[in-house]
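Protein chains in written order, with the numbering used here: chain X, 3 to 419; chain U, 334 to 562.
For the record, the hints were derived by calculation from the structure and aren't laboratory data.
The C-beta atom is built at its ideal place from N, Cα and C for all residues, glycine as well.
Dumping the calculated DSS-like pairs for lysine-lysine here, alpha-carbon to alpha-carbon at most 25 angstroms:
hint	chain 1	residue 1	chain 2	residue 2
1	X	328	U	410
2	U	391	X	409
3	U	463	U	510
4	U	410	X	409
5	X	271	X	130
Away from chain X, derived, C-beta distances all over 10 angstroms, residues of chain U:
hint	residue
6	497
7	515
8	524
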Amino acid sequence: MNQIFKMAIRNLMRYKRRTLLTAMLITMGILMVILFSGLAGSFTKMMIGHITDSNLAQMQIHKKGYISSIDSMPLNLNLSQTEYNTIEKILQNNPEVEAYAPRIKFSAMLSNYAETTNIRLNAVDPEKETMVCPDVENRMVFKDNVRKKIFVKPGEIIIPKNMAKGMNIKVGGPVVIVAQNRDGSINGLNFIVAAIIESVLGPQGKEGYIHINDARTLLRMEKSEVTEIAVRIKKFDKLNPVYAELKSSLLKFKNKKAGPIFEIHTWEKLSPFVNIAKMINLMTIFMKLIMIIIVLISILNIMMMSVYERVSEIGTMIALGTSPGKIMVLFISEGFFLGLISAVAGNVIGIAGLYLLNIFKIRFSFSRMDNLLLSPAININELFWLTAIVLLVSVFATLQPAYKASKMEPVDALRHV
Amino acid sequence: MALVQIENVSKTYQMGEIEVKALEDVSISIEEASFVSFVGPSGSGKTTILNLIGCLDKPTAGDVFVAGEHVNLLNRKHSAAFRGSVLGFIFQSFNLFPVLTAYENVEYPLVMIKNISQSIRSKAVQKVLKAVGIMEQKDKFPAQLSGGQKQRVAVARALVTQPKLVLADEPTANLDKKSAINVIQLMRSMRDEFGTTFIFSTHDPKIMEEAEVVFTLEDGMLLPGEESK
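Modelling step: build the complete structure from the supplied sequences, incorporating the hints.
Next up, the structure:
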């Protein structure tokens, strides 16, 4: 086998310029995939982190049917105190759950005494909310830009930036919130604006925050109900297995019609960004496909040329008694080594490229988020699979020329000039 | 039985719609350790008969026996194995592998075909390289050797597996007169040293004079009167 590998490498070096050009082409393809994967992966990861850590949370648990009617923010699909306690027990017993927070969500009217508009309110326990969404405060602008230990206290409200601007509401200013509870009675409470919050994904955001106790007072809840429980787990990589585990635990609880009482969703079901993430993944796959085509065509081309140019040499090998299998292995080795050299070069240059991108710090804006810093990176598994794909495609591309070489008739091959 | 036994062999090639008779009803017999030449003008069938003896081609009719093996009946895989163990080849254009040194070219059949261990291989290669007088050039690549030196390497490669029979198709055609004579004399001395049978083709009268047995071919037919010296 050593002799075959030695001949394969020397044959590649024999046509230096051609080998170098082909290797460069494949290297460029790999570099392109690494840079794109690194940038796209970093963007997606950052956006998902931003969405889950500052707004949605990684998972949400509701009463069954809530998500399908979320647009009307129904109050009759709240979780009762008993149901909350049941879920709390499940969450506490799962070692992967880092934190959870109750939320009451409802729509209301906000007035600055001169104008009125509608607002969607998240009533939260600020301490628990910060554990579940640690970046939520990063979106808020407080008075004199000084952060508070607890971002919203009873009697305070945080209102969306656009709404504050449109209604000329300043931090520290008074507003009135009027809401209708699930029995139809209307109630109002005065609030002081504690902060202005920026929306995650765009100017359409109309979501404000109040303390959960204020929501209970405003909505005249006699018992401690919640609309949803936001959940954060210790390792985001384990989201799907933890989700499956929690789902199976929650599904054990049935209503009178034997249907499930609860529903649980990951951020993917709750945020439209998942479609952008899917599109980015699709583009990455497309990039990989382009790379595969580059490797396939360039290696097939160079190996076909190689076989054609070496017909007489192949004839000599056959005449001397070399088995067809060894001739095949020789040509496959040439394709394999060409792929290997290109993959190593592509990986090294790709990693160096990502390092440079990190040094030069790429910043960008997405929707209403400015000055976002990308940290392009690629994990070792992806590099491993990329290299494996290149090597597999290299061998695959060589099969036809190698087979052709091994099946040559010696008498015809020797006659070839 | 003779080392090579050819019985009523014919070979026809199909060139489009035209049938070309390369050999017609040829029967010959060649004994072991002989130094044989096929002579004749271009297109007389010299290469064809060497290809048939060398299991590189199959006859249209007749039988070819080499070293007791009915070689027409061998399949592709067994032909390759037979060539590797019984035959050696020397080509007109030397056909050395350009990416291997002279030493590695000679070593090639032992590594790729016979799978012989490094120590035995080394002794065998050095022995034939010394015998053909090319030891000093062993680390040179074919491109760095003269035509005569290349053909010496080719002779060494053909002999390194200790074949019973070496087939050489116009081995001197690409050499100057002096080198041509040197190569033929080298082949003959190798026959004397190793007892290997050599069969070569030529159309050069000076070269054919070196052969002990000469078969003359014309238009695919063997002319009567085997010339033995």
